[in-house]
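J.: Listed below are the residues making up each chain.
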Amino acid sequence: MTAASSPNSALDPVERSAIIRDGIVVGVATGAYGISFGAISVAAGLTILQTCALSLLVFTGASQFALVGVIATGGAPLAGALTGLLLGTRNMLYGLRLAPLLSWRGWRRAAAAHLLLDESTAMSVNRESTAAARVGFLSTGLAVFALWNLATLGGAIAGESLGDPRAYGLDAAVGGAFLALLWPRLKDRRNQVCAVLGVAVALSLVPATPAGVPVLAAAVVALAIGIFTHSTDPTDIPTRDDLPSGGERHS
Amino acid sequence: MMWAAIIFTGIGCYLLKIAGLSVPAAMLKRPVVQRIADLLPVALLAALIGVQVFATGPELTVDARLAGLLAALLALVLRAPFIVVVLAAALTAALIRLL
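Here the protein sequences come in this chain order: A and B. For the first sequence, the numbering used here gives the first residue as 218, with consecutive numbering after it. For the second sequence, the numbering used here gives the first residue as -3, with consecutive numbering after it.
No lab work stands behind these hints: they were computed from the structure. We put the CB at the ideal spot given by N, CA and C, even for glycine. Mixed in with the good hints, there may be bad ones.
Claimed, not checked - The following label-pair restraints were derived from C-beta to C-beta distances: (1) B:L70 with A:D459: 16 to 22 Å; (2) B:L95 with A:P401: 31 to 37 Å; (3) B:I7 with A:A441: 24 to 30 Å; (4) B:A22 with A:W324: 31 to 37 Å.
Go ahead and model the full structure; you've got the sequences and the hints to work with.
T.: What follows is the structure, given as structure tokens:
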């Protein structure tokens, strides 16, 4: 996809290369945490091949961490899959916001959909033109895809050679990873209430239900709060400022 | 079973992405749908933290994992990048187990 085929005016080459460079920087920064995913996944008991398949096929950090997190606590694979799927719902909202801006059709849209995630959304949602948004989306999405998958493989191989994962605190790393994923959303009061109630529901069910069920049950909290509260547009779409790098690097 | 779970999650997550890009906005733009889609990850991530840190089989326990979580929290307050947060949690728990 080139900028020339965009319905808007062609993109200035200088701006175009600046957007591509930013996308690659974000890809490198995100890839780094693919290493932690790879290591945590094999520590949870998945094989290297299964770990790499998750990064290739699911390609959404939070959903992948959720699946292996449930497996790590002894949950059934199906419970892990459902938890991962429910965590993927935010990508749907990103797509909704980006659809008119990217305005792709047919196979291009089908291919681009796989690259839809926090980072590619952040690097395209605030662009002034369709051409700039597409370049931001594709450069970031492809860079993250390449580095995330490479890093997953590296992390999985390293994790497998480490031996006992508990000796390296890898079981505690999972909790840290989830907290880091949740952290940016805790500025909002309703999200804080939702998080506290989610923990309370899950922990109260731990002694009484099979592993995996307590986490899924916390979805009821989200349903209840979503139904019984009101606001016109609650969606917190990530922007370039929310990324650890890339956002500040403008020429 | 693991492979079935991986493929199910892969297909499901892809369908969510393509739905956002394709389904007429009116269907998904209903505020209640958006609120729930937005809140689900918050409730589930919080639940995952709780179970990951406190559950040992069917029991609730306090051990080195809680220290790891507190180290991660400190790293986040100090605005550390993701990988540092994860490493802080792992190293803290590993050190406490060594003591």
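J.: Does the beta carbon distance between I7 of chain B and A441 of chain A stay inside 24 to 30 Å, or does it fall outside?
T.: Since I7 of chain B and A441 of chain A have Cβ atoms about 28 Å apart, the given range 24 to 30 Å holds.
J.: Using the beta carbons of L95 of chain B and P401 of chain A, state whether their distance is inside 31 to 37 Å or not.
T.: The hint (31 to 37 Å, Cβ to Cβ) holds, given that L95 of chain B and P401 of chain A are roughly 33 Å apart.
J.: Is the hinted range of 16 to 22 Å satisfied by the C-beta distance from L70 of chain B to D459 of chain A?
T.: 21 Å, holds
J.: Check the following: the C-beta atoms of A22 of chain B and W324 of chain A are separated by a distance inside 31 to 37 Å.
T.: 25 Å, violated
In this structure, the one hint that does not hold is number 4.
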